[in-house]
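Colleague: Work the whole structure out from these sequences, hints included.
Listed here are the chains, written in short residue letters.
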Amino acid sequence: QKEVEQNSGPLSVPEGAIASLNCTYSDRGSQSFFWYRQYSGKSPELIMSIYSNGDKEDGRFTAQLNKASQYVSLLIRDSQPSDSATYLCAVIHSGGGADGLTFGKGTHLIIQP
Amino acid sequence: EPEVTQTPSHQVTQMGQEVILRCVPISNHLYFYWYRQILGQKVEFLVSFYNNEISEKSEIFDDQFSVERPDGSNFTLKIRSTKLEDSAMYFCASNRQGGIYEQYFGPGTRLTVT
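Protein sequence lines, in the order shown, are assigned to chains R and B. In this text, residue positions in the first sequence follow the working numbering: the first is 1, and each later residue adds one. In this text, residue positions in the second sequence follow the working numbering: the first is 1, and each later residue adds one.
Honestly, the hints are just simulated from the structure, not real lab data.
Using C-beta positions, here's what the derived DEER-type ranges look like:
1) R/27 x B/9: 30 to 38 Å
2) R/40 x B/60: 21 to 29 Å
3) B/16 x R/1: 28 to 36 Å
C-beta: ideal position from N, C-alpha, C; glycine also.
Modeller: Here you go:
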């Protein structure tokens with residue numbers, strides 16, 4: 001069974017610090033990797049996508065992918081209280097058709113003012 | 001910025017009743033998806049839809065579920081005979097090119113089965 005694993009947290013980070021969120025996946029053939037942010041009672045909101053090994057930066061967010069280690073991470077620089085949310089790692093297992101995302105359970109991030 | 005919309009935001013129904021959840025995907029998107037999230041649990045894929053037919057479906061998407069694109073804008077999920085365990089948030093998502101690309105989620109419908 002294809003699994004996506006995340007530490008559920010909570011992960012508590014002081015305001016202004018770097019928050020580091022991690023995710024591992026079981027299917028070595030996975031093609032695409034996404035980070036979503038979900039506030040309580042709301043829908044997942046896409047933050048980042050990453051498709052190839054290395055780093056991808058967008059504003060305060062950096063996604064990192066290491067396919068050999070089957071590992072994806074998200075760094076949030078200059079963390080703000082509004083970043084407090086659950087961060088969901090999601091994976092597409094193959095490039096064909098209209099595959100659904102496989103989500104992890106999410107990491108609950110708390111930014112302390 | 002275009003968004004996925006869903007109606008209703010909250011649906012309460014009695015066990016055994018049929019419900020239809022509605023979604024309007026982003027207008028130039030071609031691939032449509034339904035997901036559900038039981039309270040406190042992870043988001044789970046149900047089904048994907050492309051070119052007026054189901055493309056992929058999960059083990060959750062059994063015979064009590066069906067999807068339809070009745071016109072050029074709406075995408076619906078029907079649950080024929082609801083069970084207590086169908087209580088969840090149901091999210092619609094869409095993307096332009098399917099496959100590996102980003103999926104954008106609607107706000108969700110909270111389904112409560114009593």
